[in-house]
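Q: Listed below are the residues making up each chain.
Protein chains: 2
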Amino acid sequence: MTIDFWFEFGSPYSYLSSMRLPALAHRAGIQINWRPFLLGPIFQQQGWHNSPFLVYPAKGAYMWTDMAREAGKYHLPFRRPGDFPRRAILPSRIALANGNARWIGDFVQAVMQLNFVHDRDIDNEAAMREILLQLLPAASAEDILQSAQGDAVKQRLRAQTATAQDLGIFGAPSFIVGDELFWGNDRLEDALALAHSHTYIGETL
Amino acid sequence: MTIDFWFEFGSPYSYLSSMRLPALAHRAGIQINWRPFLLGPIFQQQGWHNSPFLVYPAKGAYMWTDMAREAGKYHLPFRRPGDFPRRAILPSRIALANGNARWIGDFVQAVMQLNFVHDRDIDNEAAMREILLQLLPAASAEDILQSAQGDAVKQRLRAQTATAQDLGIFGAPSFIVGDELFWGNDRLEDALALAHSHTYIGETL
Numbered sequence: 002m003t004i005d006f007w008f009e010f011g012s013p014y015s016y017l018s019s020m021r022l023p024a025l026a027h028r029a030g031i032q033i034n035w036r037p038f039l040l041g042p043i044f045q046q047q048g049w050h051n052s053p054f055l056v057y058p059a060k061g062a063y064m065w066t067d068m069a070r071e072a073g074k075y076h077l078p079f080r081r082p083g084d085f086p087r088r089a090i091l092p093s094r095i096a097l098a099n100g101n102a103r104w105i106g107d108f109v110q111a112v113m114q115l116n117f118v119h120d121r122d123i124d125n126e127a128a129m130r131e132i133l134l135q136l137l138p139a140a141s142a143e144d145i146l147q148s149a150q151g152d153a154v155k156q157r158l159r160a161q162t163a164t165a166q167d168l169g170i171f172g173a174p175s176f177i178v179g180d181e182l183f184w185g186n187d188r189l190e191d192a193l194a195l196a197h198s199h200t201y202i203g204e205t206l
Numbered sequence: 002m003t004i005d006f007w008f009e010f011g012s013p014y015s016y017l018s019s020m021r022l023p024a025l026a027h028r029a030g031i032q033i034n035w036r037p038f039l040l041g042p043i044f045q046q047q048g049w050h051n052s053p054f055l056v057y058p059a060k061g062a063y064m065w066t067d068m069a070r071e072a073g074k075y076h077l078p079f080r081r082p083g084d085f086p087r088r089a090i091l092p093s094r095i096a097l098a099n100g101n102a103r104w105i106g107d108f109v110q111a112v113m114q115l116n117f118v119h120d121r122d123i124d125n126e127a128a129m130r131e132i133l134l135q136l137l138p139a140a141s142a143e144d145i146l147q148s149a150q151g152d153a154v155k156q157r158l159r160a161q162t163a164t165a166q167d168l169g170i171f172g173a174p175s176f177i178v179g180d181e182l183f184w185g186n187d188r189l190e191d192a193l194a195l196a197h198s199h200t201y202i203g204e205t206l
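Keeping their order, the protein sequence lines are chains S and X.
Residue numbering for the first sequence follows my numbering, starting at 2 and increasing by one per position.
Residue numbering for the second sequence follows my numbering, starting at 2 and increasing by one per position.
Hint data in this document are derived by calculation from the structure and do not stem from the laboratory.
Be aware that one or more of the hints could be misleading.
Any copy, or any two copies together, can satisfy a pair, since identical chains are not distinguished.
To be verified - In silico SDA-like cross-links for lysine to any residue, where the CA-CA straight-line distance does not exceed 20 Å:
| no. | residue 1 | residue 2 |
| --- | --- | --- |
| 1 | Lys60 | Ala140 |
| 2 | Lys60 | Ile43 |
| 3 | Lys74 | Glu181 |
| 4 | Lys60 | Asp167 |
| 5 | Lys60 | Leu25 |
| 6 | Lys74 | Ser198 |
| 7 | Lys60 | Gly83 |
| 8 | Lys74 | His199 |
| 9 | Lys74 | His197 |
| 10 | Lys60 | Thr164 |
| 11 | Lys155 | Ala142 |
| 12 | Lys74 | Pro23 |
| 13 | Lys60 | Asp107 |
| 14 | Lys60 | Asp5 |
Work out the full structure: start from the sequences and follow the hints.
A: Pasting the structure below:
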């Protein structure tokens with residue numbers, strides 16, 4: 002069985018799930034389908050021209066407190082980004098175009114850490130090159146950077162975000178197992194448990 | 002140590018916490034401060050003229066799926082109310098005026114069950130009388146019904162909801178332990194753990 006992991010590089014709770022999911026899925030024998038998308042168009046459809054954490058200040062103030070506590074709960078480093086929400090179009094295009102690469106999980110985690118641990122801009126070639134060079138030979142890194150900025154990938158990212166809307170996704174992270182949607186890092190274990198039960202039933206038939 | 006439990010009788014996740022908190026707090030030796038309030042004015046301040054689960058249909062559709070799963074997780078009966086969100090002014094006034102009564106927990110749970118298990122209207126005298134008569138002698142029940150509808154209690158409920166806003170509360174259920182705010186049934190255990198740690202430190206000093 003597989004779990005579809007819908008995430009946004011600018012989303013704090015997507016950071017928590019990105020750091021937690023790979024090890025949990027690996028030990029359970031569950032495959033992750035990485036599904037980067039952009040929250041901007043989703044929020045705009047709901048009438049917000051920015052993150053709800055900025056549109057609703059009380060909710061935003063609470064979120065940072067909650068994020069610090071949650072990061073502590075999971076023993077994850079966390080620094081509140083100086084720029085929020087960070088634009089993440091280039092990393093999203095790279096992740097989308099390389100969803101099946103053996104290094105996709107490491108790439109996603111490195112981008113998330115750049116944003117939520119090192120408080121650095123992520124939507125630029127230099128930062129992405131730095132990460133890719135830690136994962137790949139230089140020539141491959143350059144190929145990936147170039148093709149991620151081609152029209153085909155741009156179109157795919159727009160289509161991916163439209164698909165998220167069609168699936169009823171309204172925030173990130175979201176998980177889909179079979180036809181069941183789970184929203185939020187708090188539901189990661191529930192989504193995995195469902196994927197696990199599907200796997201188990203499949204194997205005993 | 003104590004835990005302030007801010008809840009709304011019309012709020013689905015407040016139902017889950019109302020059913021779970023009393024037993025968990027009791028076994029931990031933590032006192033509950035029952036804090037009924039109205040979400041309507043809180044939502045209006047955020048620009049919503051109804052529950053966000055109605056304002057944002059994707060979020061609402063997901064919530065009912067999630068509620069059914071969560072109720073199952075906690076082994077709680079649950080029926081989606083035919084009328085949502087149910088007005089709950091009278092039960093809120095009764096709960097507010099009797100926050101220190103020995104039967105307050107039973108009353109809150111009975112009202113929540115009327116709404117989220119039996120799918121019945123809760124904002125009327127007949128329903129409240131029915132519940133109070135199961136907890137109290139008839140004369141006391143009538144006294145409580147009358148005094149809850151007096152001006153003093155009406156003012157207190159307005160003030161209580163204003164206090165919620167001042168505390169940074171933006172949804173329900175919310176928990177406050179010391180000066181820390183926790184939002185959502187998902188944070189009930191975290192709030193209790195903090196109250197427990199305060200108790201323990203206090204006792205060893």
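Q: So, for every hint listed, does it hold in this structure?
A: Going down the list of hints, with the structure as the test:
no.: 1; hint: Lys60 with Ala140; result: neither (45 Å within a copy, 44 Å between copies)
no.: 2; hint: Lys60 with Ile43; result: both (18 Å within a copy, 12 Å between copies)
no.: 3; hint: Lys74 with Glu181; result: between (27 Å within a copy, 16 Å between copies)
no.: 4; hint: Lys60 with Asp167; result: between (26 Å within a copy, 13 Å between copies)
no.: 5; hint: Lys60 with Leu25; result: neither (29 Å within a copy, 27 Å between copies)
no.: 6; hint: Lys74 with Ser198; result: between (26 Å within a copy, 15 Å between copies)
no.: 7; hint: Lys60 with Gly83; result: within (18 Å within a copy, 29 Å between copies)
no.: 8; hint: Lys74 with His199; result: between (29 Å within a copy, 18 Å between copies)
no.: 9; hint: Lys74 with His197; result: between (24 Å within a copy, 16 Å between copies)
no.: 10; hint: Lys60 with Thr164; result: between (27 Å within a copy, 16 Å between copies)
no.: 11; hint: Lys155 with Ala142; result: within (18 Å within a copy, 66 Å between copies)
no.: 12; hint: Lys74 with Pro23; result: within (18 Å within a copy, 24 Å between copies)
no.: 13; hint: Lys60 with Asp107; result: neither (31 Å within a copy, 31 Å between copies)
no.: 14; hint: Lys60 with Asp5; result: between (27 Å within a copy, 19 Å between copies)
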